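**Q** Now for the letters of each chain:
2 protein chains.
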Amino acid sequence: MIKVSVMYPYEPGARFDHDYYRDNHMPMLKSRLGDACKSYTVDKGISGGAPGSPPTYVGMCHIFADSVEAFQTAFGPNAKDILGDIANYTDLKPTMQISEVVVG
Amino acid sequence: MIKVSVMYPYEPGARFDHDYYRDNHMPMLKSRLGDACKSYTVDKGISGGAPGSPPTYVGMCHIFADSVEAFQTAFGPNAKDILGDIANYTDLKPTMQISEVVVG
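The listed protein sequences correspond, in order, to chains E and S.
With my numbering applied, the first sequence covers 1 to 104.
With my numbering applied, the second sequence covers 1 to 104.
No lab work stands behind these hints: they were computed from the structure.
If you're wondering where the values come from, they're calculated on a predicted model, not measured in any experiment.
Any given hint could be a false lead.
Remember, identical chains collapse to one label, so a pair may be satisfied in a single copy or spanning two.
No farther apart than 30 Å at their CA atoms in a straight line, the calculated lysine-lysine pairs in the DSBU-like style are these [said to hold, decoys possible]:
(1) K93 / K44
(2) K44 / K80
(3) K44 / K30
Let the sequences and hints guide you as you build the complete structure.
**A** Here you go:
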């Protein structure tokens, strides 16, 4: 199992609509990817390690898929629509990472 | 529910013993935190968004707890031992983040 993490670096004053992300963007992504997205999780950054410090990421999602190939095959034809929706909830540029799920 | 993410930034040539992390460090952390750690996940970085590019993080763990306070109360007395074990699997300095679990 692999996990695709999409992480939005915190910037003071940047826009990030957590409600839209949870209620619109992620369900749309799941709908487009179908079974290639086994499940997903969504995080809202609270702080860094020290209480009151800013989080590294204001928001993250983690998308679970059977393999990198399965994800890419499903994502490719939908990339334009999924990425095009980002402007509806943030002006931040996300960082992406693909990980092997060692303990899930 | 909150999630404490501990993320080890990728550096070329840096040491990270994924087996020790999975088989020794994380079970020790779970044992020390007890019920304050509801569960945890472990990731091994494969790549960035582009195939073949380095991942942002070579390894990550995500620790689930009922609240920031519950985590900190359990972590505090064990911080020295848990943090002192890091040198046994890596020479990297982790980044920590606390998030609210929006979709778990």
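**Q** Please go over all the hints and tell whether each is borne out by the structure.
**A** Verification of the hints:
1. K93 / K44: Both. Shortest intra-copy (16 Å) and inter-copy (23 Å) distances satisfy the 30 Å Cα cut-off.
2. K44 / K80: both (25 Å within a copy, 28 Å between copies)
3. K44 / K30: both (19 Å within a copy, 23 Å between copies)
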